[in-house]
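Asks: As a plain string of letters, each chain reads:
There are 4 protein chains.
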Amino acid sequence: MPGNTFGSLFRLTTFGESHGAALGGVVDGCPAGLNVDIAAVQTELDRRRPGSTPLGTARNETDKVEFLSGILDGTALGTPIGFLIRNSDARSADYDHLKNVYRPGHADRTWEEKYGIRDHRGGGRSSARETACRVVGGAIARQLLALQGVRVEAYVDQVGDIRLERPYTVLDLPSVWKSDVRAPDEAIAQRMTALIEQVRGEGDSVGGRITCVVRGAPTGLGEPVFDKLNADLGKAMLSINAVKGFAFGAGFDAIGLRGSAHNKMHSGGILGGISTGEDIVFDVAFKPVSTIAKAQGTVDRSGRTVILETQGRHDPCVVPRAVPIVEAMTCLVLADHLLRNGTARARDLAPQQR
Amino acid sequence: MPGNTFGSLFRLTTFGESHGAALGGVVDGCPAGLNVDIAAVQTELDRRRPGSTPLGTARNETDKVEFLSGILDGTALGTPIGFLIRNSDARSADYDHLKNVYRPGHADRTWEEKYGIRDHRGGGRSSARETACRVVGGAIARQLLALQGVRVEAYVDQVGDIRLERPYTVLDLPSVWKSDVRAPDEAIAQRMTALIEQVRGEGDSVGGRITCVVRGAPTGLGEPVFDKLNADLGKAMLSINAVKGFAFGAGFDAIGLRGSAHNKMHSGGILGGISTGEDIVFDVAFKPVSTIAKAQGTVDRSGRTVILETQGRHDPCVVPRAVPIVEAMTCLVLADHLLRNGTARARDLAPQQR
Amino acid sequence: MPGNTFGSLFRLTTFGESHGAALGGVVDGCPAGLNVDIAAVQTELDRRRPGSTPLGTARNETDKVEFLSGILDGTALGTPIGFLIRNSDARSADYDHLKNVYRPGHADRTWEEKYGIRDHRGGGRSSARETACRVVGGAIARQLLALQGVRVEAYVDQVGDIRLERPYTVLDLPSVWKSDVRAPDEAIAQRMTALIEQVRGEGDSVGGRITCVVRGAPTGLGEPVFDKLNADLGKAMLSINAVKGFAFGAGFDAIGLRGSAHNKMHSGGILGGISTGEDIVFDVAFKPVSTIAKAQGTVDRSGRTVILETQGRHDPCVVPRAVPIVEAMTCLVLADHLLRNGTARARDLAPQQR
Amino acid sequence: MPGNTFGSLFRLTTFGESHGAALGGVVDGCPAGLNVDIAAVQTELDRRRPGSTPLGTARNETDKVEFLSGILDGTALGTPIGFLIRNSDARSADYDHLKNVYRPGHADRTWEEKYGIRDHRGGGRSSARETACRVVGGAIARQLLALQGVRVEAYVDQVGDIRLERPYTVLDLPSVWKSDVRAPDEAIAQRMTALIEQVRGEGDSVGGRITCVVRGAPTGLGEPVFDKLNADLGKAMLSINAVKGFAFGAGFDAIGLRGSAHNKMHSGGILGGISTGEDIVFDVAFKPVSTIAKAQGTVDRSGRTVILETQGRHDPCVVPRAVPIVEAMTCLVLADHLLRNGTARARDLAPQQR
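Chains as they are written, first to last, in our numbering: chain C, 1 to 354; chain E, 1 to 354; chain X, 1 to 354; chain P, 1 to 354.
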């Protein structure tokens with residue numbers, strides 16, 4: 001069973017390889033009558049775009065989304081919304097030296113062993129470029145969520161060992177986009193930026209943490225026992241490239257706590273798998289990207305050890321550009337659960353509601 | 001869309017409230033011809049059973065599974081396997097005082113707000129008792145995995161601030177079940193046990209960490225881009241009661257690392273969402289259970305603050321009894337992905353293979 | 001991917017072999033707060049029961065349904081509804097002579113070739129006994145539909161070459177259950193009954209047609225382009241044992257018509273895959289059951305031709321007992337689409353609706 | 001839950017309105033390594049194209065498919081195959097007079113009532129133009145089926161009251177495409193053509209029947225009890241525009257037969273919901289298209305009766321152009337069930353098979 005569709009009632013299917021003709025996708029289940037602000041979708045896409053922050057890769061893609069169906073004069077028809085993003089700056093030749101070599105820490109080898117074939121150009125479908133389509137889908141989901149006053153905001157909480165000191169409740173989240181590093185504290189953002197530049201200079205990379213905050217989510221989102229809201233958020237985050245961990249509320253810190261203390265803390269906005277109506281707060285851990293400029297030992301297709309020096313264009317730290325992806329996946333999960341929750345009660349089926 | 005089915009090709013649907021007539025479920029998709037060892041299923045269920053460890057609740061349930069279909073003379077027919085676990089020691093009257101009160105840290109309020117109705121007896125369906133059915137489904141999945149030499153073992157890695165010092169590779173995992181606390185290091189297990197007993201004496205609870213190790217998994221499991229193996233494992237773990245976090249490989253420690261260092265570490269057995277053939281290793285964080293003997297302030301249905309003293313029977317630390325649940329959910333994910341991976345390549349469709 | 005689950009939002013999963021311990025199922029997605037009339041469920045089950053009509057098999061099953069979860073004091077909790085029907089009059093020994101023989105026209109051989117194993121006792125899971133669980137699920141769906149004033153009624157329209165002369169609009173549908181043959185015209189019902197008795201006397205069987213009428217269905221049910229209401233109804237009907245055809249509106253008669261004439265006829269209540277608000281009317285064709293008392297030539301497992309004389313207990317014509325099954329599957333489709341339709345419009349997401 | 005995805009393991013998602021920017025879709029689950037013959041896909045699309053037969057509409061679309069992903073140098077990567085068909089000859093102005101009028105027999109009114117909004121241009125998404133995407137998906141499925149020697153062929157069996165006399169076994173199916181009407185008997189095809197021309201001259205339309213034959217299908221396809229092969233084929237056919245009925249084997253003729261006679265007839269290639277290995281044969285009934293040149297009474301959005309004279313370009317009989325659509329949907333069902341059947345047996349999970 002293929003794995004390129006996300007969600008059940010609000011559903012995104014994506015396609016596209018990093019250096020193929022185009023990326024794209026289909027949003028199915030967007031309720032009819034939604035006013036779709038296409039410029040706002042493009043704005044979100046621009047935030048993820050290579051080149052959107054000086055801390056990222058030098059690949060230059062305009063990432064212009066073209067909508068092909070499902071929207072008439074700015075209004076959703078209730079039919080599937082097809083969209084397209086052409087690849088333009090695809091320097092496939094940059095990757096010729098990777099045809100027979102597996103990059104360490106990358107998906108090259110596992111994909112080839114699974115499928116028996118691999119698109120070696122820029123990671124093919126395993127490239128994070130694929131997430132552009134998630135941002136498009138998430139941006140539409142966000143507009144649906146806005147109908148109910150739900151706001152989704154993420155920010156960089158940590159780069160390497162530099163972490164924000166204050167919790168999200170005293171941070172100015174809308175200011176996130178002013179900083180290159182996407183952190184809402186100017187002083188610490190500057191230190192994070194300096195660290196990333198230093199790491200880039202060393203030909204290395206560094207990990208980071210993104211925190212996401214959802215305000216205004218209604219109570220009742222989540223479908224136990226398996227499709228708990230936290231379970232679906234966790235899956236969404238773990239499906240993003242380079243993510244190694246997910247935690248909500250006290251997360252891993254809860255291990256060391258007593259129940260009497262933990263019961264008084266913020267639950268993360270989800271209890272028993274269902275949203276409480278409080279802010280939903282969770283953390284996502286990103287590894288340092290595996291592609292680094294430093295020479296590394298690896299193996300080739302014949303199993304021999306070789307030294308690899310990468311010539312592609314890559315981010316020394318993915319978290320600044322991953323912020324809109326975390327938001328997008330969060331919006332997709334919430335929009336899906338908003339629709340799913342609509343069928344939970346028999347009294348909502350009274351004819352006057354339809 | 002309801003959320004009581006897990007998996008796509010190997011699929012478990014469960015039902016049952018903590019104090020209703022019975023729990024049960026349906027395993028659909030178990031390949032025909034599998035020899036199902038029913039005694040082995042019961043053994044796994046016994047490990048999760050209340051009373052299986054002196055560190056758990058005093059509720060006494062025999063948790064005897066009855067198979068109703070899908071197996072003939074010990075062999076799977078390829079038809080759905082229905083099963084049942086009767087509730088016997090259901091002292092519903094113990095919960096009368098909770099009819100109008102929401103327990104802090106519990107799902108009582110969120111479930112009632114979602115559904116407009118709540119089974120207050122022992123948490124109803126939000127009780128961890130529901131996980132008994134997952135253990136049954138997981139035990140069948142485990143027998144399927146054994147055909148390919150896949151072994152799934154979990155253990156308690158941490159209770160409160162007491163943590164194992166050695167990595168899984170030098171621990172004697174089969175010895176886990178000798179200790180009440182389900183930890184594979186005798187000396188540390190004793191300290192963990194002492195801590196749990198102390199916490200119980202204080203009328204409190206404490207959190208913990210379970211590590212799970214999968215040996216012998218073939219390469220190729222996982223269906224990018226959304227149904228990555230780590231994403232589905234994460235969802236599975238986060239769907240377990242009291243779980244607050246999931247991490248694989250270096251997990252949250254990866255945040256502080258450089259790529260040059262991280263690339264040399266164990267990946268957790270999954271790259272690009274697909275198993276590498278190495279051991280798969282991940283961590284699950286459990287909060288301290290919310291039900292404690294200590295008096296706590298909470299609210300009742302009319303919104304008034306009240307003091308709650310709990311009289312039910314509960315575990316001061318869930319991780320010992322959660323070990324078989326973590327294993328079961330892992331087995332379900334792997335069995336599902338084993339079947340899903342079977343359709344990834346065209347050459348497997350050659351007629352002689354069928 | 002296994003095929004024992006029907007529906008997406010209102011979802012029935014069933015299990016059970018004809019001569020195993022029990023049949024049963026899980027209804028997931030029943031909205032919380034629905035008042036479930038269990039006696040009414042049993043009444044529907046009684047209509048399908050062997051022995052419910054003198055025209056059916058002599059097998060005597062009480063078919064008593066036991067609900068195990070999901071309902072508290074007569075109200076749906078929003079959690080999965082598990083249920084059970086024990087097999088009591090299962091004379092497995094009656095089928096010993098079939099262990100190595102494939103009955104002509106039956107699923108014996110195809111199931112064995114698919115799964116490599118077969119439960120030969122009464123057809124195992126391929127027996128129409130499985131449909132008892134559909135009747136339970138459909139009866140709950142019917143109670144949900146009643147909230148919106150939807151009524152589902154089916155009747156026998158044809159047995160062999162004897163057919164009702166008047167359309168459904170001038171028939172007294174509630175009287176269907178007064179006749180053994182389940183036809184709403186007393187004189188023709190008697191002729192149908194006589195034909196069935198004659199065929200039984202000849203050791204043979206005969207086919208029939210059931211017509212189903214849905215009154216009060218709202219407009220808007222159906223999810224194009226693939227999950228059109230007629231497509232899902234057709235699938236539901238074709239999944240019933242012995243069904244060979246499905247048609248709605250003018251059906252196969254439309255082939256010979258001109259558009260100018262057809263446009264003026266009853267559409268069957270569905271246009272473009274979506275219900276129009278008019279009565280929904282469709283026909284289901286049943287073959288004569290393959291099991292007959294007459295000696296027939298067939299093959300055994302070694303491929304040799306043998307003469308088979310069947311000793312099991314069977315219906316000479318399935319349509320009388322299939323009427324509640326047709327109704328049940330129709331109710332399942334409609335309940336599912338009622339819930340699915342609830343998410344079609346953005347304006348239904350305004351906060352006051354939740 | 002949206003309805004624009006078909007299949008589970010081999011899965012097609014489509015998008016696009018008749019007069020929007022483009023139609024397109026995503027095939028997910030195509031096994032890696034399949035050699036995809038793109039020219040063959042285009043050939044199938046050409047057969048459905050407006051203008052492919054003189055008996056069809058005068059709308060002129062090149063219907064050139066562009067593949068965007070999932071195929072590298074002619075080989076499937078195992079990643080989703082995205083594709084696009086631009087709309088070129090979309091004379092939207094032709095439909096201005098339909099903005100406020102509902103065409104009789106069409107989906108105009110039901111879609112508007114469901115979604116609260118409607119794309120009036122050429123039927124929007126309810127137009128049969130949508131089926132072009134099914135032909136693309138089906139053409140890829142057909143190439144997968146060819147690996148196992150499965151051949152899918154359909155032909156026009158009846159137009160109005162003119163029907164072929166010989167069964168499919170004595171017809172020359174590969175010759176179907178020589179006749180404009182897609183019927184494999186030259187003399188009768190000429191009579192059918194004459195009838196269609198006559199009906200066109202009268203400003204009217206006429207219904208028809210398509211028969212589909214599958215040769216070489218292995219035994220074992222179909223997943224009882226709900227996803228029987230005949231049930232999924234029926235759903236597939238009934239999801240095609242203008243289809244009013246589906247029957248396999250003896251179909252509705254079985255009603256009048258005795259079991260002793262029916263058991264000796266061709267079963268339609270499916271018993272108990274599973275393919276027998278014999279030819280699979282089924283019939284599809286198409287209504288006369290609702291759009292006719294003749295003036296017709298209908299209603300407008302304000303509920304007033306108006307006289308409608310249609311100026312769009314339409315087919316007087318859909319069956320000639322529907323033949324490739326029937327084939328495509330059949331291929332999609334079979335490819336999906338071929339993959340689904342791959343997980344039915346435990347012994348196929350032995351490591352050497354992977």
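Honestly, the hints are just simulated from the structure, not real lab data. Quick reminder that beta carbons are idealized off the backbone N, C-alpha and C, glycines included. Hints are supplied without guarantee of correctness; some may be wrong.
[Stated by the list, open to error] Examples of chain P residues lying across from chain C (beta carbon under 8 angstroms, computed):
#, residue
1, S8
2, H97
3, N100
4, A146
[As the list claims (entries may be wrong)] Only pairs whose alpha carbons sit at most 27 angstroms apart, straight line, appear in this in silico DSSO-like list of lysine-lysine:
#, chain 1, residue 1, chain 2, residue 2
5, E, K178, E, K64
6, P, K99, X, K264
7, P, K264, X, K99
Asks: Hint by hint, say whether it matches the structure.
Replies: How the hints compare with the structure:
Nearest Cβ of chain C to the Cβ of S8 (chain P): about 6 angstroms, under the 8 angstroms cut. The hint holds. Taking 8 angstroms as the C-beta contact cut-off toward chain C, the hint placing H97 (chain P) at the interface is violated, the least distance being around 18 angstroms. Interface restraint check: N100 (chain P) against chain C, minimum CB-CB distance 16 angstroms, threshold 8 angstroms, status violated. Evaluation of the A146 (chain P) hint against chain C yields a violated restraint, the C-beta minimum of about 19 angstroms exceeding 8 angstroms.
Between K178 (chain E) and K64 (chain E) the CA atoms are separated by roughly 22 angstroms; this keeps the pair inside 27 angstroms, and the hint holds. For the proposed pair K99 (chain P) and K264 (chain X), the alpha carbon gap of about 22 angstroms is at most 27 angstroms, so the pair holds. Note on K264 (chain P) and K99 (chain X): the hinted pairing holds, with a Cα-Cα distance of about 22 angstroms set against a maximum of 27 angstroms.
Violation of the numbered hints given earlier is confined to hints 2, 3, 4; the remaining hints are satisfied by the structure.
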